[in-house]
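Undergrad: For reference, the chains in residue letters:
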Amino acid sequence: MVAFRRWRAARPFWGGLLLALGGAEILVTEKASLKVVMHIGMQGLAGYLLPTLMLILGLLILFNPAQRLFYSILGALLSLGTWVTSNLGGFFIGLVLGVVGSCLAFGWLPDQEPRRARSWRRRRPEPVPHP
Amino acid sequence: MASSSDATSSAGSTPEPSEVSESGSPSESPEGSERRGRVRLRRAAVMAVPATAVAAGLMILTAQGALGVQFAISGMPFTVTATNLDGEGFAQFGGLDQMAPGSPNEGDTGGQVLVVVSAIKKATLTKLCQSVDLGGTNLLIRAGEGKTPVSAVNLTTDSTELSGDAAFENIEIGNDASTLDKSHTQGPKGVFSQQADTVHIGNLRQTNYATTAAVFKLPGLKLSFSDKGC
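Sequence lines, in order, name chains R and G. Residues in the first sequence are numbered from 1 upward in steps of one, following our numbering. Residues in the second sequence are numbered from 1 upward in steps of one, following our numbering.
Watch out, some of these pointers could steer you wrong.
Stretch by stretch, here's where chain R covers chain G in the computed footprint (C-beta under 8 Å, at least three residues) [stated by the list, open to error]: (1) 50-57; (2) 63-70; (3) 172-183.
No lab work stands behind these hints, which were simulated from the structure alone. The beta-carbon is built from N, C-alpha and C at its ideal position, and this holds for glycine as well.
Work out the full structure: start from the sequences and follow the hints.
TA: Shown next, in the form of structure tokens:
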């Protein structure tokens with residue numbers, strides 16, 4: 001758990017996760033068979049391309065946080081683009097997840113001062129008294 | 001950093017250093033003074049404000065019918081109704097839709113749904129209503145209730161049920177589905193099909209499994225949740 005918390009603290013965890021989830025949600029709402037998509041051409045393909053890229057960018061934010069600015073800007077643009085290409089952005093849910101995730105990743109900064117007065121810190125158990 | 005915080009904090013409550021090792025809880029040591037990354041609100045707002053503005057703009061443009069949107073839905077059945085559908089370049093044939101393996105919507109169907117594929121090259125629909133059952137509540141999309149009807153290009157629907165009052169012009173019934181030429185798509189070889197130059201359907205009601213890659217213009221778009229479907 002501690003290792004996970006430390007891993008999480010070093011990257012915009014919620015931003016990347018929400019963006020990836022948004023892309024996944026939009027993909028779930030689509031089920032046009034690939035044959036039809038190829039027949040329609042680029043326009044049909046974009047419906048799959050945008051949410052797939054959202055998913056990939058979300059994962060990239062998690063695993064390569066150094067480039068988060070570029071990823072998050074692209075992620076926000078793609079999320080907005082899915083409104084046109086993919087079921088109104090997965091019926092709006094995926095679009096909101098993607099935009100919120102991108103904004104969180106964009107606003108994230110590493111190495112911040114710790115917050116004061118966090119409840120879990122104050123509730124720390126006292127050390128066992130010496131017998 | 002974690003080790004130094006452990007030492008200082010435990011030194012505050014228990015002065016003897018031996019107790020630190022005895023309590024044996026380095027894993028419990030909070031990263032109290034560890035510096036971690038965090039979202040700065042003002043920085044996030046730099047992006048959130050324009051993104052929200054663009055999203056609002058897209059929705060307004062769509063609601064005015066200036067911007068077309070694409071649908072490629074399914075996995076779950078949804079209902080489409082319209083008071084009038086006028087189309088050019090109509091084709092219809094049978095098909096089998098395959099769900100994604102292990103899809104939760106499979107039920108006892110074995111993941112396959114027998115569908116009627118209707119393809120219309122150019123269609124206009126008045127008072128379009130589309131509802132998806134999300135279990136308990138329905139997501140409702142309404143459009144085209146004002147003066148301008150909904151228009152769609154290369155509309156392909158896979159339906160399990162289709163009802164309405166239909167009228168066709170220059171209809172050809174009994175073609176092989178692979179020889180269709182009036183619409184934008186063709187079916188598999190050896191499948192019964194029909195096609196027509198124009199089609200008019202009144203009081204249309206469809207239960208669809210997929211609407212594919214159609215560009216919809218939805219003037220007067222309303223997105224809402226409702227207990228009742230269309």
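Undergrad: Against this structure, judge whether each hint is valid.
TA: Outcome of the hint check:
1. Note: the segment 50-57 of chain G has 4 residues with beta-carbon separation from chain R under 8 Å; the three-residue rule is met and the coverage holds.
2. By the rule of at least three residues with a Cβ nearer than 8 Å to a Cβ of chain R, the coverage given for the segment 63-70 of chain G holds, with 4 such residues.
3. Beta-carbon proximity to chain R at under 8 Å applies to 0 residues in the segment 172-183 of chain G; the threshold of 3 is not reached and the given coverage is violated.
The earlier numbered hint that this structure contradicts is number 3, and it is the only one.
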